[in-house]
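Peer 1: Add chain B to chain A, keeping to what the hints say.
Listed below are the residues making up each chain.
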Amino acid sequence: MNALLLLEQGLNGLQFGLMLFLLAAGLTLVFGVMDMVNLAHGSLYMIGAYLMATAAQATGSFWIALPLAMAATAAIGMALESGLLRRLYERDHLSQVLATFALILIANDLVRMIWGPQALLLDAPRALARTIEVIPGAPYPAFRAFIIGVGLAVAAALYWMIARTRIGALVRAGASNREMALALGVNVKRLFTLVFGLGAALCALAGAMLGPLLAVQIGMGEAILIQAFVVVVIGGIGSIRGALVGALLVGMVDTIGRAFLPALLRGFLPNNIADALGPTLAAMAIYILMAAVLYWKPTGLFPARG
Amino acid sequence: MALGSILIAAIAFPFAAHALGWDYYVGVMTRVMIYALAASSLNLVLGYGGMISFGHAAFFGAGAYCVAILAQEGVVSALVAWPLAVAVGVACALVIGAVSLRTRGLYFIMITLAFAQMLYYFFVSLKAYGGEDGINLAARSRLPGFDLRDETTFYLVVLAILAGCLYFLRRLAASRFGAVLHGIRENEPRMTALGYPTYRYRLVCFTVAGGAAGLAGALIVNQHGFVSPGLLDWTQSGTLLIMLILGGVGWLYGGVAGAAAMLLLEEVLSHWTGYWKLGLGIVLLLVVLRAPGGLGGWLARGGARG
Numbered sequence: 003m004n005a006l007l008l009l010e011q012g013l014n015g016l017q018f019g020l021m022l023f024l025l026a027a028g029l030t031l032v033f034g035v036m037d038m039v040n041l042a043h044g045s046l047y048m049i050g051a052y053l054m055a056t057a058a059q060a061t062g063s064f065w066i067a068l069p070l071a072m073a074a075t076a077a078i079g080m081a082l083e084s085g086l087l088r089r090l091y092e093r094d095h096l097s098q099v100l101a102t103f104a105l106i107l108i109a110n111d112l113v114r115m116i117w118g119p120q121a122l123l124l125d126a127p128r129a130l131a132r133t134i135e136v137i138p139g140a141p142y143p144a145f146r147a148f149i150i151g152v153g154l155a156v157a158a159a160l161y162w163m164i165a166r167t168r169i170g171a172l173v174r175a176g177a178s179n180r181e182m183a184l185a186l187g188v189n190v191k192r193l194f195t196l197v198f199g200l201g202a203a204l205c206a207l208a209g210a211m212l213g214p215l216l217a218v219q220i221g222m223g224e225a226i227l228i229q230a231f232v233v234v235v236i237g238g239i240g241s242i243r244g245a246l247v248g249a250l251l252v253g254m255v256d257t258i259g260r261a262f263l264p265a266l267l268r269g270f271l272p273n274n275i276a277d278a279l280g281p282t283l284a285a286m287a288i289y290i291l292m293a294a295v296l297y298w299k300p301t302g303l304f305p306a307r308g
Numbered sequence: 023m024a025l026g027s028i029l030i031a032a033i034a035f036p037f038a039a040h041a042l043g044w045d046y047y048v049g050v051m052t053r054v055m056i057y058a059l060a061a062s063s064l065n066l067v068l069g070y071g072g073m074i075s076f077g078h079a080a081f082f083g084a085g086a087y088c089v090a091i092l093a094q095e096g097v098v099s100a101l102v103a104w105p106l107a108v109a110v111g112v113a114c115a116l117v118i119g120a121v122s123l124r125t126r127g128l129y130f131i132m133i134t135l136a137f138a139q140m141l142y143y144f145f146v147s148l149k150a151y152g153g154e155d156g157i158n159l160a161a162r163s164r165l166p167g168f169d170l171r172d173e174t175t176f177y178l179v180v181l182a183i184l185a186g187c188l189y190f191l192r193r194l195a196a197s198r199f200g201a202v203l204h205g206i207r208e209n210e211p212r213m214t215a216l217g218y219p220t221y222r223y224r225l226v227c228f229t230v231a232g233g234a235a236g237l238a239g240a241l242i243v244n245q246h247g248f249v250s251p252g253l254l255d256w257t258q259s260g261t262l263l264i265m266l267i268l269g270g271v272g273w274l275y276g277g278v279a280g281a282a283a284m285l286l287l288e289e290v291l292s293h294w295t296g297y298w299k300l301g302l303g304i305v306l307l308l309v310v311l312r313a314p315g316g317l318g319g320w321l322a323r324g325g326a327r328g
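Keeping their order, the protein sequence lines are chains A and B.
Numbered by our numbering, the letters in the first sequence go through residues 3 to 308 in order.
Numbered by our numbering, the letters in the second sequence go through residues 23 to 328 in order.
In isolation and in its complexed conformation, chain B is listed as follows:
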């Protein structure tokens, strides 16, 4: 089965890379997987929940800052910092969602964006924690039994977390909760008429996604060794959105495919030319015009045969 072979290849990759002297690419793939997690959490909000959020990077960044601040204060245990990052993501999403979900359409997009910007300015104001310049991670999180400073170990931990979260997403989508979300996405007035508290379902969806994004943030600050308010900027939220649209909104692996496609494309193009954004932009345009469902849609239509 295709999925199984991809998983085996993913597990084998860092060892193969090390043997070939491509250690740099292990870090690249780790980054891809972390963004895949972040984009997949957005997929829960957008693809399954039907909510176009332009402020998702806020939860991503908040989780990252949580770990960085804790590390600065001397708390480096992953068992403490990472769940706290999830909790921070959940808390922010709960507050932002509670207010934003009262609106619809473009207004919802703008309000989520506004809240993300507010959080951005909040982190800029934290002079003790770097302000506009951001902070370095004092030390990589410590996970008992695993030395996360080893790139391969970190890669495998991230892979496990990504796989676990995707499995959770799949179970969620197939559950009763997922079915209700699907119904709300298709025809909200009808679901309300049937007696479902649609606001509450959406809020739960939004909040869970926020927590997952917070976890991704905890991982990204470990990967980069650094976090700055720029991680919460609206263009970052836009990037996550683009990744997801590129991969296929609503497809379970849309976040993964999109993150991989975009980041690897960026990696390849930037080796050729300093103007890789131009190339990326052209590819994105082609995808919009030729492959409307993103990579997921393209694959569903038979891929190269289509």
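Next up, chain A with everything else stripped away, as it sits in the complex:
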């Protein structure tokens, strides 16, 4: 285990964490402001990735495709919200689970109908298909560095929006005390639609960024959805700051855990046990992290309410 490998994995962890943040931010806002469990959030991520892959093929350019895919996914998200999901706000969480689970089934089959069962190809833009030296002396894939940059930029933009704009104030009010915000005359319908649309756009961005690294395939949403929920729980429901901290923690723990835990265990356990235990513990790591955080802070690190 050398410093260079640690550095590279650290950057990978940062990159993964920031992408998780994009997903978790939308999820935590929807849960915080609209009090809705949205299992279909992963499906929006999948739809965003598929639209991105298609747009990139059609236009031949990653850079033109990206805003198109984000806009299209945001539109789909807002249509979904105003057409269907807004009927669920007043319902109990179980009904929301049932309805959004149904949406996952529908989305997976619709995607399969339109694009077929094979995974789609999404290439990183040619300009970024090389390595750069983020840290002098340590070459790192330029695309991954770009992802980190995008993630940080979005985090900064979201922070500015939430903390400094009127819309952000409305979102914060809705997240901390929805009834009061309603009573104060906030145009809730429009706010909710916008929040949902923003979440969908972020999902598409994450899908477009991760598409070249992971596969663009049916069911890609389910795998990452769980991790996004873990982030939201760790960070605290309704808090963007919590989503960022939680996402970085989860990204780091997961990436570094998978990279170094097996090797670490070999240090003081017999090889065959370390080889079996290592990957298992690494996979469990984020859940153990979540359990630990909840033990000390039962409502997450930065809960928006209370």
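To be clear, the hints were calculated from the coordinates, so they are not data collected in a lab.
All residues carry an ideal CB built from backbone N, CA and C; glycine is no exception.
Hints are not guaranteed to be accurate.
[To be verified] Only part of the chain A face toward chain B is listed, based on derived beta-carbon distances under 8 Å:
(1) His95
(2) Ala293
(3) Leu296
(4) Thr301
[Said to hold, decoys possible] Computed beta-carbon distance windows for the label pairs:
(5) A/Ala73 / B/Gly252: 28 to 38 Å
(6) A/Ile116 / B/His293: 18 to 28 Å
(7) B/Val121 / A/Glu92: 28 to 38 Å
(8) B/Ala150 / A/Arg268: 16 to 26 Å
Peer 2: Chain B in isolation, oriented as in the chain A frame:
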């Protein structure tokens, strides 16, 4: 009485099916009944205990693996393997419940989900027992006096177990324990103020349900002849939850109705189209929007007359 006639029809079914050459459907109905048992055990946790558990498939899968592992090691007696599967379900539920029940709301949901995922990774790590690919059941369990390899005999044994468990659930709900659970579900602070150790009551409820799920697992591995870690995946827990919500949470026969509805719908739809998940999703959405109490609620409102 409607229940009596359903029971008679259920007993007569395999014989009628055999006469009509529909032997395949005997297996289908057996599967329905096993999932009905699993969903009913979740009903105890959710409908009667008021706890939204998203990790129930863990106990289901653990019970299945228990029987499969024992069979691989040469132990095929149902009188040994099945009670052990129940014990495994109880043990897992005790440990998971003891930690999870300290939390509430979304956090409880996430923690149960996290523990289920941990158990999933644990079974993936068991290379000796199939790892990610799972294992085949070496031989169907042997129950003295019954040849479980005969589909009809197995069907009737499962029917007897399901009926027995439902009877037990009914007695439990009507007992003092059930009344306390009802009180906790309605107003926990009040029950605590009245001096009831609510945590303990919930833990017992959770644990008993875990045992029942373990039994269902023992049956499902016999039915399928195979078990893999996928049985513990969160989407399986989600499926159980969906079945229960579809059937009617808190209704004694909610698990049965929901399992039957969902699995039979799946069976019918998949004969028509490869995109049956789309159809299932649409039906589920309609149920959420039009029939909030699930099938149980619909029946209570007068069914087709309502």
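Peer 1: Which numbered hints turn out to be false for this structure?
Peer 2: none
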